[in-house]
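Chain order of the listed sequences is U and B.
Just so you know, we're using the working numbering here: the first sequence kicks off at 1 and counts up by one.
Just so you know, we're using the working numbering here: the second sequence kicks off at 1 and counts up by one.
Hints were generated in silico from the structure; no laboratory data involved.
Warning: the hint list may mix true and false statements.
Stated by the list, open to error - For lysine to aspartate or glutamate, the following DMTMM-like pairs were computed, each having C-alpha atoms within a straight-line distance of at most 20 angstroms:
| hint | chain 1 | residue 1 | chain 2 | residue 2 |
| --- | --- | --- | --- | --- |
| 1 | B | K348 | B | D315 |
| 2 | B | K154 | U | D78 |
| 3 | U | K50 | U | D36 |
| 4 | U | K114 | B | E227 |
| 5 | B | K236 | U | D36 |
| 6 | B | K236 | U | E143 |
| 7 | U | K244 | U | D42 |
| 8 | U | K259 | U | D235 |
| 9 | B | K349 | U | D164 |
| 10 | B | K52 | B | E216 |
| 11 | B | K236 | U | D235 |
| 12 | B | K236 | U | D42 |
| 13 | B | K348 | U | D36 |
| 14 | B | K154 | U | D188 |
| 15 | B | K223 | U | D42 |
| 16 | B | K349 | U | D96 |
| 17 | B | K154 | U | D36 |
| 18 | U | K138 | U | E103 |
| 19 | B | K348 | U | E124 |
| 20 | B | K223 | U | D160 |
| 21 | B | K236 | B | E216 |
| 22 | B | K88 | B | D315 |
| 23 | B | K236 | U | D100 |
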Amino acid sequence: MSTATLKPADSPTPIPRAPMPPAFVEIDRLNFFYGDKQALFDITLGIPEKQVTALIGPSGCGKTTLLRCLNRMNDLVDVARIGSGEIRIDDINIYDPRVDVIELRKRVGMVFQKSNPFPKSIYENIAYGLRLHGIKQKSQLDEIVEKSLRGAALWDEVKDRLHDSGLGLSGGQQQRLCIARTIAVEPDVILMDEPCSALDPLATAKVEDLIQELKARFTIVIVTHNMQQAARVSDYTAFFYLGKLIEFQSTRDIFTNPKNPQTEAYVSGRFG
Amino acid sequence: MSESSYFPPRRSILRKPSWAARLESSFFVLLRVATYGVLLAAAAIFIDIGWKGGRVVFQAAPPFINVPFLTQAPETLNVFTLDGQTVKMGDRDFRAYKAANPEKLRDVHVSTYVYSAGGIFPNIVGTVLLVLGSMVIALALGVCSAVYLSEYAKDGPFIRLLRLSIANLAGVPSIVFGLFGFGLFVVAFDWNVSLIAGWFTLAFMVLPIIITASEEALRAVPKGLREGSLALGATKFQTIRTNVLPYALPGILTSSVLAIARVAGETAPIMFTAAYVVRDQMPWQVEQWTDFFFQGVMALPYHIYVVASKIPQNDYTSDVQYGTAFVFLFTVAAIALAAILLRARMRKKYRW
């Protein structure tokens, strides 16, 4: 009896998987620490351009940490540091000392878990970022504000009250306002940190539709707890567990044909 | 074994008299009495000043307000008996009268009471100037320090020492601030007894209040707003200026209301640095505009101190004391009210 005849039961014949497209953001052997505690272990991941990439995994697996590494939001945490590895955009390591963090954040925008419109008018919420980019002309501001609100599928709901406070909007509208504010400054990449976790199903559906529209223009990375959401909105999915990248595949493959038994257990709801 | 046997038998839910309940209710009464006692003490002070001072400031005949008391400078009161009638005269009138009728007053005994005639206008002006100037300095310095401490400083031994020093500064008696201001601003800087020396002395006195409260207000601004701004590509300074500080302003102004009351009320810090017992010119009567900052002023709390320490005390002197105290409370309340209104407007503008 040869070993070959026993094999098939353990490892099924490989099903061909979708090839990975070239990466726009390259994460290369990244190790990340909070103080002495390592939060990310040797992450290598290429985020494809103008696609939606979902980061999934149980709480504390490091997916939000990784997301916040991409626009150096972790710089705000005193004890956070990169141990080794690089994150490259346009072949430039964003943690290189020569990198201007402000310029980086202008190119890598972020939408937060808890919607955080500024306590200003809807108009000013969007104009704020534009003014930071040196756009001062009223006519130009008006134009981009409208374009961004249309882009975030919010224009029809707020066009009559642009000068009312952004905090008067509903939760879902607030989150779309935050998206409008982010796309107004035309970043290359939009990071979304569980953007729908505080929203009801209808508002969630609107934001998800929006994400589908936005991927024509932006590279989107979304962290989500909700596996159905990852399956619905993303093209590629990375599964993290305990700070390690377990598997990165096209979303279809992750959910229907996972390579790793841990991934399979997680996406089928057996743990996490 | 039946289930109920694990538990003591069910008791009635009706209330039963017990020592604990009695103790609780008597303790409750004690708390209530203590609170009312405080209220009573405060009311006694305000009613006393309001009644006796109100009689000086208000009058029954039109225009119902004692206008000279609010618009004239203090004068010495001269009281004498002439033809069986008691005559009260301010110093200026008295001199004119004496020059006109020298023989009438030859053998008349004249009692003089310092600052008991005229009004307290220069004192009101002086106090308002001291409050405004010192609040500008205290807010500028205090808000800058608070922004540094809450937004920029990384926690370490030095910052902890700094915070400890600020906390200690709050406990320093005001007379020490007065002497410090005298030593530094009046003598070493050679500013003499002047508005500017008083401003800085008072500002340093209230800095701890302003810094501590401003820091609290800055910390209360949600982190999400800072992150939202930074994520759009704002610098830290732009973020603080446009998206942190404006929302913290109402809280900062709350602390400044407290500070205003202290600045306006303290006598000790200004008695060596800014206050004159009496001065004939008004603060705007200066030759050059720069002299404005280097002039001493009369101030309400110091005036109360001056008139209260004059002997003998009688109805004439107590009138001006109560009147000054009344106007003083009113001035502080007015300035504080202005700050509260400003805060309410800002709250409306920046609500989160």
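Going down the list of hints, with the structure as the test:
1. B:K348 with B:D315: violated (49 angstroms)
2. B:K154 with U:D78: holds (8 angstroms)
3. U:K50 with U:D36: violated (36 angstroms)
4. U:K114 with B:E227: Status holds; Cα separation ~11 angstroms.
5. B:K236 with U:D36: violated (27 angstroms)
6. B:K236 with U:E143: violated (28 angstroms)
7. U:K244 with U:D42: holds (7 angstroms)
8. U:K259 with U:D235: Given pair K259 (chain U), D235 (chain U) holds - Cα atoms ~17 angstroms apart, limit 20 angstroms.
9. B:K349 with U:D164: This hinted pair holds, its Cα atoms lying about 11 angstroms apart.
10. B:K52 with B:E216: Outside the cut-off at roughly 41 angstroms; violated.
11. B:K236 with U:D235: Given pair K236 (chain B), D235 (chain U) is violated - Cα atoms ~35 angstroms apart, limit 20 angstroms.
12. B:K236 with U:D42: The given pair, whose Cα atoms are some 31 angstroms apart, is violated under the 20 angstroms limit.
13. B:K348 with U:D36: Outside the cut-off at roughly 45 angstroms; violated.
14. B:K154 with U:D188: violated (33 angstroms)
15. B:K223 with U:D42: violated (30 angstroms)
16. B:K349 with U:D96: violated (41 angstroms)
17. B:K154 with U:D36: Satisfied, since the Cα-Cα distance of roughly 18 angstroms is no more than 20 angstroms.
18. U:K138 with U:E103: violated (24 angstroms)
19. B:K348 with U:E124: holds (16 angstroms)
20. B:K223 with U:D160: violated (30 angstroms)
21. B:K236 with B:E216: holds (19 angstroms)
22. B:K88 with B:D315: Holds. K88 (chain B) to D315 (chain B) sits at ~12 angstroms (cutoff 20 angstroms).
23. B:K236 with U:D100: holds (13 angstroms)
The structure fails hints 1, 3, 5, 6, 10, 11, 12, 13, 14, 15, 16, 18, 20 (numbered hints given earlier, in ascending order).
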